[in-house]
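Single-letter residue listing:
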Amino acid sequence: MRMKMKALFAVAVLLSAPLAMAGVKIEQWTAASGARVFFVETRALPIVDVQVDFAAGAAQDPADKPGVAQLTRGLMDLGAGNMNETEVAMRLADLGARLGGGADTDRATVSLRTLADADKRTAAFEIMRQVIAEPRFPEPVFERERARSLAALRESLTRPDTIASRAFWAGLYGEHPYGRQPSVESLAAIKLDDLREFHAANYVARSAVVTIVGALNRAEAEALAQQLTEALPAGGEQAQLPAVALPPAAELRLPHHAAQAHIQIGMPALKRGDPDFYALMVGNYSLGGGGFVSRLMKEVRDKRGFAYSVYSYFAPMKEQGPFQIGLQTKREQAADALKVTREVLAKFLTEGPSESEMAAAKANIVGSFPLRLDSNRKILDNVAVIGFYGLPLDYLDTYATNIRKVTAADVRAAFARHVRPEHLVTVVVAGD
Amino acid sequence: MTMRRHLRPLLAPLAALFCTAMAIPALANPYEHTLANGLKIIVKEDHRAPTAVHMVWYRAGSMDENNGATGVAHVLEHMMFKGTPKVGPGEFNRLVAAAGGRDNAFTSRDYTAYFQQVPKEKLGEMIALEADRMRHLTLSADEFAQEIKVVMEERRLRTDDQPQSLLFETMNAVAFKVHPYRWPIIGWMDDLESMTVQDARDWYERWYVPNNATMVVVGDVDHKAVFTAAEKQYGALKARPLPVRKPQEEPTQTGVRRVTVKAPAELPVVIMGYRAPVIRNVAQDVDPYALELLAGVLSGHGAARFSKSLVREQRLAVSAGAEYDASARGPGMFYLVGTPSQGKTVAEMEAGLRAEITRVQADGITAEELNRTKAQLVASEIYKLDSMFAQAMEIGQLEIVGLPYQSGEQIIEKLKAVTAEQVQEVAKRYFVDESLTVGVLDPQPMENAPRRPAAAARH
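The listed protein sequences correspond, in order, to chains D and Y. Heads up: the first sequence is residues 15 to 446, going by the numbering used here. Heads up: the second sequence is residues 905 to 1363, going by the numbering used here.
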């Protein structure tokens, strides 16, 4: 086995050497079920990764029942088809297969990593199929899991980071689905039927995106994608998310006993597929995205020792996802740290990046591109985003070119459009 | 700017090396070479993608510190990014970023390690940068004065405001009375407040020498080119005798120890720590492998005993887990951790964890459970190959605790050979009250929480 792999490597290296940057070859089709499929064949390792994404994240929660999406996804693993929860877990463990996933705001994900041996992968795929299409939702399991979620929620509501993050999202999005968050009361009021209904309405073939990376051929991948989604209802047109209304500038201060203040600043800013994406990525690298070399890191951490962690990022989503700056600092100096942070942002919005910052940002973003694709796991993550958000199939191939094209003027203009002081929401938890 | 001038001549000859050498069939992968000054280099060729991970490991962690200067290993880790005569403060990060790389570092009880992930052509530059800061760190008082504040913020973030971290920190300070594992890696806040740049300098002089370091590279590289580059960059550095490391053996514990931490929180937590052996001789040891399997049977997967029995069937716990690390320079500990469900007490939680251990001691485990846990191990070995970083970590961690890096496979074989009887045997041998420490997080209502001062006033 090992010898065979070695030989394969050697050949691959020779062939691919002149095309060092040749991209990931993504095959795309629509399964008979209606699910869209994205497939990357790679045989360097005897493993297969499969991920199925649905538009079944928290944004799809019934308005008065935040938390349903999360609970639904959690329960799917806990009894499905002909297996109870222990049988699901035992069979996966026996196969050495790993089932994962969860629900974020836009997406609910079911993922599986399995060894590629035919007997192992076939059994693992069948478990995954049942989890997706035939979850049992047993009443006692539901009650237990709701109680566990309540306990975790109560605990997290004592934490300054959770308090800050909830206030931030509520402040940015208000009544928009992105702003809804489960409370102890709303979570306790969820019924088992809510989960069943949510599953039936949202885990449908029409919105399913299947991403497959690993040691399968095209025919096997086609069969797998169909197998995983054929038993799902076809599904109708899903209701569009409403547009986000930008909030007025605001500053929220919340008391807490912690030694450190948690500060977050931001606004709804960026949709997936927005043409300003590349300019914002390049600009944010210099502002607060570039790890240890950003302006925020230099001014807040290096020069003043105000914080261990300080960052800024854009999180593009179906509707406008947040632009966010975050830091934690000893509570007595929260006002000073906030002042410095705001000055850094204001200066960046006014002046934009310097030419040397532009060059450094591009060198890193383009230069580090191979690191974003150097494992099956990373390829899976990237391709799944392309599939779910409907990005162009050549997104990875053109990424470097699109980054290189950005000018300092583009960055200034894009920031002016997407980061507007009159809409910035600031949250300070535990600041003096 | 100054730095660019300094570095270019340093790096230029290397670039050529890394571009040309290639396609030599891998035979004895990984490859090992030791320089005359004692620097050990281990290279694992992995040609799946045109990238490489480069790590330098120093056998100097918090267990090598002295009381009064706890946390200095980690503070020095921060200072390693604050400049040499050739590479100014902050320039290290800038150069790595310019190379399209990502870098960071980590400190543990047993070691301090630095890494960069880069496109393969840039590996030579990384080797030059690491070699430079191994012996030429500036350690200026001004940079120290800023950075120590950052470290104190890190402590507030990760420990002072985290009730479970406080519990773990306090519990270890009770479980170990003599061995330096008793203090936290990040150090006591009071030690950080009184630390001076001289403490950092002393630490650096003591431990940052080639004969206390191991360089690990995994990636799309030719091992010979890596050895040549290492020789060129590190060859001039002199070996130096290391300080005597005192054993500081933890005396035999003679009775259960208990400690309670009160902190504002919602959920209580129970941690039970049993003293346990770790691997000292890969071939001859038996118990550490059996303990690893036991940890797997108790909480290694979704169908393991804690999850099945404590969380699902009895509904005693919101969560429960077992943790054991068989490789460490210092004494080992097998931890059981549980968070009781609403309406259940910490006493019931502790009794539930104990009952699971008693069940293994009395009835053993089934062949099915054992095989299930082994299946996890086998799959993990394959999955690990998907991450160059994970492969480099494994090599470094084995080396740093004094086990040969090649023993990864042998350890898996030893784990596969463990029998159900051996698992039952170690459950009987090590899970005794004489060597137990119990830590309890006693949650306090938020309303009554005193506002915490950020730091004791010293000035």
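Honestly, the hints are just simulated from the structure, not real lab data. Ideal Cβ positions, reconstructed from N, Cα and C, are used throughout, including at glycine. Where hints are given, some of them may not hold.
Stated by the list, open to error - To give an idea of the interface, some chain D residues facing chain Y are shown, with a C-beta separation under 10 Å as derived from the structure: (1) R127; (2) P261; (3) Y322; (4) V380.
**Prompt:** Taking the least C-beta to C-beta distance, is D:R127 closer than 10 Å to chain Y?
**Reply:** holds (6 Å)
**Prompt:** Should the hint that D:P261 touches chain Y count as held when the rule is a Cβ pair under 10 Å?
**Reply:** Violated: closest Cβ of chain Y sits about 28 Å from D:P261, beyond 10 Å.
**Item:** chain Y contact restraint for D:Y322 - C-beta distance below 10 Å
**Value:** This interface hint holds because 4 Å falls under the 10 Å limit.
**Asked** If you take the shortest Cβ to Cβ gap from D:V380 to chain Y, is it below 10 Å?
**Response** D:V380 check passes; min Cβ-Cβ to chain Y is 7 Å, inside 10 Å.
When each numbered hint is compared with the structure, a violation occurs for hint 2 only.
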